[in-house]
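Trainee: Spelled out, the chains give:
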Amino acid sequence: MIFTNHQPSLKTRLLLTLLLPLCGLLVGLGLAGTWLVHRMVEGASDRVLSGSLQAISETLAMQGGFLTIDLPPSALGMLENADRDNVYYSVSYRGKLVTGYSELPVTGDALPLEEITFRDSTFRGLPIRIASEARLVPQLDSPVIVQVAETVNNRKTLANRMLLALLAGELFLLGMVATLVFRAVRWGLQPLSILRNEVEARNNEPDMDFAPLPLSMVPVEALPFVSAFNGLLDHVETAFQTLRRFTSDASHQLRAPLTVVRTHVELLMRHASGSPELHGALADVYQAVKALQHLMSQLISLAKAERPVDENDEVGSFDLVECTAATARSYAARALDHDITISFEANTEHLMVMGHHIFAGEMIANLLDNAIRYGNRGGHITIRVLEDSSIVEVEDDGPGVSVEDRERVFERFYRLPHSADREGSGLGLSIVQALGWRLGAAVSLETPKTGKGVKAVVRFRSRPPVAKANASAA
Amino acid sequence: MRLLIVEDDAALARGLFKVFREEGLAVDHVSTGQEAVEVVRMEPYSAVILDLGLPDMDGLSVLRSIRQAHVLVPILILTARDGTMDRVEGLNQGADDYLSKPFAIEELEARVRALIRRGRGNPDPVFSLGAFRLEGATGAAYVGEELLDLTPRERAVIETLAAKHGSVVPKSRLTANVFGYDEAVMPNALEVHIARLRRKLENSGVEIVTLRGLGYMLRAT
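If you read the sequences in order, they're chains A and B.
When we follow the numbering used here, the leftmost residue of the first sequence carries the number 1, and every step to the right adds one.
When we follow the numbering used here, the leftmost residue of the second sequence carries the number 1, and every step to the right adds one.
Hints in this document: simulated from the structure, not taken from any laboratory.
Careful: at least some of the hints might be erroneous.
Claimed, not checked - Here are the in silico distance ranges between beta carbons for each label pair: (1) B/Thr32 <-> A/Ala442: 46 to 56 Å; (2) A/Asp421 <-> B/Ser128: 34 to 44 Å; (3) A/His350 <-> B/Ala137: 33 to 43 Å.
For glycine and all other residues, C-beta sits at the position ideal for the given N, C-alpha and C.
Isolated chain A, as found in the complex:
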């Protein structure tokens, strides 16, 4: 099916309405998460750093006039970790380095006493984090400034890991939502696709089925639509039936006046004592009346063939050989009048097939009528019943039907260009096809072995063998 200019699909709509806000939300979540991760990592790392600082500064003491410091291995060991952040320290008093790395910048600001402050800086070109404390040592008038610093590799790595985990989580969530939307839409639309299959199956049926669609499978949201569609079906069916009835009724009504015309024309032809022109005109009128009569009876036949299948169509079986031979016999005189001979061949004496013999007879009659009507004078028609596939063939040696036209000739009122001079309604094959649908028989046109004319092939439904039926019943 081809859609042009169509609305975005439900999937697209749902994805757009759901995924765009979700993306926004995830970005917000990501930003907040990033901020939080940085804070947490900073806080945790700073606590460790401050622990080291305190461990060092606790050991500051004056011994014999000297400021002493005892660097406990644990103080720096605390800072050691897998990622081997470098650890630096310095102790200074009144701006002068007492011990440690002289390059470690000492803040010039007045540090609050007995309180640890943190700041970022660089050391030998690398970013570092410094913890500083100004501690009062007894016997000293100025506070001693103790600093511990570490490079920030570890905390960066930690933060990156956490951020990656956050990102992965978000992407996973996004993927899950998209997948769920697809599945939900498909699942939600499943009843509709079942309905579509139902409608499509009906489209492919030859006999239109206007029965309402079943509502049991329909979700509540689609119920008004399906109900409305069922209403439409009902309307179409009424219109369809009215049209068929009209065709049939109108044709019946036309018969009465046509009978009058025909009677008087025949009378006039008997007694016309006028000019040759009058005779010619009367003959033309008579031909036209006969053509009209044929058309009407064909219209009635078509209307009957297309009538919906009802309980009168009880499926029985009949002898296809007998039915075909009887039909052929009834057309023999007409064929001879057209200087056409008929022969009948059957490779079996009896052949039971499914359906009603009246319909089958009418199908074969229409095929014979065509073969006679469009056949050449001096021609021959062969009718065959073949047992193997329950086939009836009507083969003529007339002008034939080209391969391109073999579909179109089944259309109503379609007539081949070379047969325009023959009196025909253009309905014969439409009737054959409609009756075929009714009988479950397939009709096709083929080229005869001789290469001349056309061969109409009707494949009937063969009757299931009795033995088999019994076996399945047992």
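Assemble chain B onto chain A, guided by the hints.
Mentor: This is chain B only, laid out in the frame that chain A set:
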């Protein structure tokens, strides 16, 4: 001989009126069922043509009323419908023949003639087609004025074919009529008789056509 036409369509009635007057019949025409039921009891008609589509009452009821009044006149019904139900119903109600509109005048004439003959208990004993003539009572066959010399089997063949002339008589039926059911028959025995008959019927205006697989037909050439 009198013919009654029961037809509400005045134009058709005028046409039929003319046709049968030319046939030499005295023709009466009524256009309602009521009139038909009344008039048919008073006048001695030889045949009635009854249209089933009448304005005042259903044609089948007219038929019933006529038969209930013990009027035995042969009745041919005309109908604009060709449903088998109509025909079966009509024949069940006592109609003698049936024709659906529109029809060919010759056919209506032939059927009315047959009805009248049947009503007189005197079916036409002579079959004639072209220059060929077959007398039912004696079985004598003529081409023109010349009496044909036929064997009994040939006579059986021509009688069977003449009874159904213009239609195909299946070979099995012909064989049964000519040889009887119990006789052992050579496969081509029938063809032999037909071939001889064909020679005798040359230039008679009729021919016996073989329709392979279907049977034989007697028809005018």
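Trainee: Now look at each hint and say whether the structure bears it out.
Mentor: Do the hints match the structure? See the list:
no., hint, result
1, B/Thr32 <-> A/Ala442: 46 to 56 Å, "holds (51 Å)"
2, A/Asp421 <-> B/Ser128: 34 to 44 Å, "holds (36 Å)"
3, A/His350 <-> B/Ala137: 33 to 43 Å, "holds (40 Å)"
Of the hints listed earlier, there is not a single one the structure fails to meet.
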